[in-house]
Amino acid sequence: MFQNAVHSANWIRNAIAAAALTCGVAHAQLTNCKDPGPPDVFKIFVDEVRATGGSTGSARVREKVQGIHKFLSENLKASSGDIASVRDCGKRFPSDSADFDNKEFDGLDNLRVVLEVWGMLDDPVKGSGSLGFALVPARPIAPPAVYVVPSANLLNSLRQGKQMSAFAPLVLGIRQYQNKNYADAVPLLCAGTQQLNSVLTGQSALGDDAFRTRQRELMKKVKEITDSAIREARRTPGSPFGLWNPTSDGTFLCPD
Amino acid sequence: MPSPGSARTCFLTVLMVLLFTRLTQAGMAHRDCRFPMVFEGAAVNVVVLPYSYAGRNYSLTNLGNRLSLLVKLDVLSHILEYGSVGAVQMEMPEGVPSDDPSCLPETVLPILLGTHAPNMALAGMFANTRGSVNALRPGHGLVLVWGLLYEEGDDIFAQTYVRFLRRDINEAIEFQAGGSSLSAKPSSQLLAFIPQKFTQSELKQMEDSYSRADYVRDEPNDSARGDQLPQLVAKCAGYGCDDSPVHAGFYVQEKRGEWIRIQYMDPTKGQQKEGWIHSAGGLAGAPLEKILPEIKFIEGCAGYLRLRVADAENTPQMPAAPALAVNQLNGFVRSNDSQPDDIAKAVALQLAGAVEYLSGRGQVESLIKAADDFERARKMIPYDPNAITLAVGAQVAEEWRQKGRFEQTVLKAERMSAASALSSDKAALANLNSLYRLLLSSPEPASAADNLTRAELKERMEALKRVAAPK
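Heads up: the protein sequence lines correspond to chains A and B, in order. For the first sequence, the numbering used here begins at 1 and goes up steadily by one. For the second sequence, the numbering used here begins at 1001 and goes up steadily by one.
For the record, the hints were derived by calculation from the structure and aren't laboratory data. Don't take each hint at face value.
[Stated by the list, open to error] Partner residues aside, some chain B positions facing chain A, computed with beta carbon under 8 Å: (1) E1151; (2) E1152; (3) L1422.
Ideal placement from N, C-alpha and C gives every residue a C-beta, glycine not left out.
This is chain A alone, in the form it adopts within the complex (with noise of 0.2 Å):
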């Protein structure tokens, strides 16, 4: 009997698997990534970056694309650690954020893909660009969820700004408050919310005033459900979050 129920529980969840693929295949704008990984895992996504304009079929180019994927790669990998397997996605690349539609998000939802990041350069040698994040669990909170942050120097931007490292958490917090994974959710919250606020702020701040102001309105959505998360795990009797006191207006708040 016992072998039957393990049959059947991994019957449904391959059938809920290639539910999710097909789901990811269906959708005509976007090709599917290469590499998706095992379903059970949270995922990253990196797609191609694309060099723009005539100069796409240069050897330089193309190394100069490369290195930077590869930066993006090692980043996230970095940065994500165990809890997320960060995926090359070949040739996937949207040509446009709405390509990253209400579908498309629940395809990526599915197979538990918390985030995707691409890159377009723009002048190879102002190495000028642009980066583009879809943070997949952030969209019902704060939609549509894509951000494309423009770049004098692509490069630059990515090695004075930490946001690769505080969209990791962030949004894999924001995917286990999604699953009620309450007491898992806040160190990752807690983390994302700290890392983004250093990127928003001070001298190397990141991309321009339309994406802090956008990153400024995410960041108090975090903050609520930051709240929120503490107090649900709270309610779990024995848990630990029990001993975590509220500030003296009632909220919860981040250790700083």
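Fit chain B to the given chain A structure using the hints.
Positioned in the frame of chain A, the structure of chain B alone reads:
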């Protein structure tokens, strides 16, 4: 009757074993990634993998190998004072496909930790590497270094990654006060450093430095006669290709300025030989750490691990070693001022604090310095439960030693409560319990302000009991 050949092999083996059993400081250059090795006798090994380049530009791939050799030699020459240290630089032979995963940290690390066997089909190629083994001894330390190179205009950027550990041992630091203890680990043992720029002129200087460092010379002088360190090339892919004399590793006998005098075994002649390597030449006279400040982190991290291995094995540590490690780690922190919330900087402060605390043996001055380092780290990453516990633990140890009682106990209790919730580790609850017991058994604070009363403490302990034993 043994053949002359086997007698020679046996003689060489005995000589090599004799040479390396007294090994305390040793190095290996141009080690083939496909068969990773560390020095068995060294308490701490620093292993530097090549800085990889995503493109097909051969000169940049070559630059990645060169930079790793310079980093390894520079680090080795600055950690000799710790004693019992090894440094290994690995690379892929020319001609091996660029997508071969052998040089990736995720391939090399399991082999060095003994959780994954190396490809023993390759063992014959490296048969004469006595004194070295594939896996670390349990309890011994490792600093694994790797990196990425990428182009930006005419400049090249290098980003370094470091992972540090002791095999099969948790890096927890335990603070003692009044019969209670609090423990926590450094906040991360895997760090990505800020990419650093090499201008064209610095690349040229690197080339010159590499040319100087890649030789074993008769005298500590760049113009003295010398033999080049053996290079890995594709043709060197069969049995016997590893016969070059210093490939098996070398033993460092002394350091003189930027030079180290090494001893090595020449297997072809069965002789011990000596020579000099220009190991810390930097770039055009400037130290390499001016461009790559993370080198200071790597050195200090090796010092931290060396201290912890000595403590665990109950062996003496060089008296000047703790101060050197703290100096190197603080050097990295000072060089990294542009990143106030950088986790690498926070971990460097935690390692410096750990060295101060562990080597200070309860002296007030060391406890004050340690508490200051841990608190600075906590401010950088206030969300991290280990950073909170290290800071509170060090403050508690310091206050107990100095005054025999504690101040600001509300703040301490609030922070440790948050740490116990943020941590998935059960030890966090034990830490909070230890803190409450300690506060309860200590004299009343000098002032009631900012401090918990005994009734409040008892109430909190009751609440903690309900958490520790949920129904």
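Here is how each hint holds up against the structure:
1. E1151: Interface hint status for E1151 (chain B): holds (6 Å vs cutoff 8 Å).
2. E1152: 5 Å, holds
3. L1422: Holds: closest Cβ of chain A sits about 5 Å from L1422 (chain B), inside 8 Å.
Consistency note: the structure conflicts with none of the earlier hints.
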